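**Student:** Letter by letter, the chains look like this.
Protein chains: 2
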Amino acid sequence: MIVVKVGGGLDVDYGALCDDIAQLHHAGQPVVLVHGGSEETNRVATALGTPPRFVTTASGHVSRYTDQAAMDVFMMMYAGKINKRIVELLQQRGINAFGCSGLDGRILTAQRKAQLRIVENGKQLILRDDRTGTIEAVNQQVLRTLMHAGLTPVIAPIACSHTGEALNVDGDRTAAQIAQALTADTLVLLSSVPGLLRNFPDTSTLIPQIARQDIDRYMEVAQGRMKKKVMGAAEALAGGVNRVIMADARIAQPIQMALAGHGTVIT
Amino acid sequence: MIVVKVGGGLDVDYGALCDDIAQLHHAGQPVVLVHGGSEETNRVATALGTPPRFVTTASGHVSRYTDQAAMDVFMMMYAGKINKRIVELLQQRGINAFGCSGLDGRILTAQRKAQLRIVENGKQLILRDDRTGTIEAVNQQVLRTLMHAGLTPVIAPIACSHTGEALNVDGDRTAAQIAQALTADTLVLLSSVPGLLRNFPDTSTLIPQIARQDIDRYMEVAQGRMKKKVMGAAEALAGGVNRVIMADARIAQPIQMALAGHGTVIT
Chain F
314 MIVVKVGGGL
324 DVDYGALCDD
334 IAQLHHAGQP
344 VVLVHGGSEE
354 TNRVATALGT
364 PPRFVTTASG
374 HVSRYTDQAA
384 MDVFMMMYAG
394 KINKRIVELL
404 QQRGINAFGC
414 SGLDGRILTA
424 QRKAQLRIVE
434 NGKQLILRDD
444 RTGTIEAVNQ
454 QVLRTLMHAG
464 LTPVIAPIAC
474 SHTGEALNVD
484 GDRTAAQIAQ
494 ALTADTLVLL
504 SSVPGLLRNF
514 PDTSTLIPQI
524 ARQDIDRYME
534 VAQGRMKKKV
544 MGAAEALAGG
554 VNRVIMADAR
564 IAQPIQMALA
574 GHGTVIT
Chain R
314 MIVVKVGGGL
324 DVDYGALCDD
334 IAQLHHAGQP
344 VVLVHGGSEE
354 TNRVATALGT
364 PPRFVTTASG
374 HVSRYTDQAA
384 MDVFMMMYAG
394 KINKRIVELL
404 QQRGINAFGC
414 SGLDGRILTA
424 QRKAQLRIVE
434 NGKQLILRDD
444 RTGTIEAVNQ
454 QVLRTLMHAG
464 LTPVIAPIAC
474 SHTGEALNVD
484 GDRTAAQIAQ
494 ALTADTLVLL
504 SSVPGLLRNF
514 PDTSTLIPQI
524 ARQDIDRYME
534 VAQGRMKKKV
544 MGAAEALAGG
554 VNRVIMADAR
564 IAQPIQMALA
574 GHGTVIT
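Sequence order for the protein chains is F and R. Sequential numbering from 314 applies to the first sequence in my numbering. Sequential numbering from 314 applies to the second sequence in my numbering.
In short, the hints are calculated from the structure, not lab data. Computed from a prediction, not measured in an experiment: that's the story for all the values here. Don't be surprised by glycine CBs; every beta carbon is placed ideally from N, CA and C. You can take every hint at face value.
Some chain F residues well away from chain R (every beta-carbon gap over 12 angstroms; in silico):
(1) 341
(2) 366
(3) 498
(4) 505
(5) 526
(6) 532
(7) 574
Residues from chain R that keep clear of chain F, each with C-beta distances beyond 10 angstroms, as calculated:
(8) 426
(9) 574
(10) 575
List of simulated lysine to any residue pairs, SDA-like, C-alpha gap at most 20 angstroms:
(11) F:540 <-> F:530
(12) F:436 <-> F:368
(13) F:426 <-> R:405
(14) R:541 <-> R:511
(15) R:426 <-> F:405
With the sequences and hints as input, model every part of the structure.
**Tutor:** Now the structure itself:
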């Protein structure tokens, strides 16, 4: 079984992705899909008068600041339009997809970050109404129940806090946690780059292979959003997943191309 | 088992509704919830520059015209924000809710209306890109699978066409179809009125009881949206549901009040 995360770039070819999932399904290789949606979400949030706010945490990560108005838009886009349009594309290809978020059935339980320590104009500030979290548990029983019923899970990265609040969680790390919980053979992280690049955005510097024991060294190579992918990859491998592949979401047969070794393969 | 439809008025008290579902759940009375969302959807559609368009069909029904841009917003609001905020309220009350739409797992299969014959300024027009449908089948197996796993389904009224397209379906009739498929004891239709009124909006003309054999006569009493509720009630009763109650969504314990006879009880 393969867990695939598809990023939220506007140039992702969802039709090609769903063709690929259908082909793999018919070849006896089931896929669990986790999706992003950040670019479309940013557009709609701006149109609705609540533009996204990205903050730099004290530890140096760039993170989406999710107050309740931002969570409304996050739910609209991730759990709503993006999730259901993917489910529709799969249904049109004969795959009985089932879209949900990690809030549903408490598939994903996360610890809410009680406060977010950020740096703004060189000063440290604390934000207290942020709704983001770090996943602590995956309810693999619910996912297995869906799969045993012949359904293909399509999961939006929203988790449930210990007190039942909806939390924004990182999609790559969500996919990594799900891959571990389901003891997936392979985790494929698809996005709008061909893999991990030594010198972003120079695609000729693609790193084709990484040995799992070396992965921590690549945290410094990874820029911006790619850091979360490298963290996810490290978590998944530590948790028993055989192989993680970072590859291109913008091409035909993106999953099969990744499985054939196109991208950055970590084993 | 009770199937509850809650309407999409801005004055609906979702917190009270979820308190009530939690109380019923702990009393051994499981609820399956179908929700609306029209008023919030209209607001967001207008803010996004695609205001809702309501058309009058040749048969005299007022219907939402759902082109693909409208379906995007419908998915955002119904399957996204409204569905997940209800799931969150239930999770906060210790109920392991599971939100989805009828597109997911093909819970609801509908026949797409190939063309919509409307009347505009006295002239008949035909609209061909409308994405609405009439439910033909409920996949009760998926719903039972969720319930057997201890989950409380929360369902947005979006169905799957025979070719996999997402379709907007009427929420009241969706609830009626689900109640039949699950052989629910009672169908409760909650909205922003206390029940069926002989002279809308005069609440002193509430009709407290209707005998099932008389229901067709009440199609003429029902105005606007209430017609769909009466149609849903008739379908549910014909399909084996014991009792349908139309009642007020804006009060404390709305379901328990309905079950106690407050509203219009059809048996």
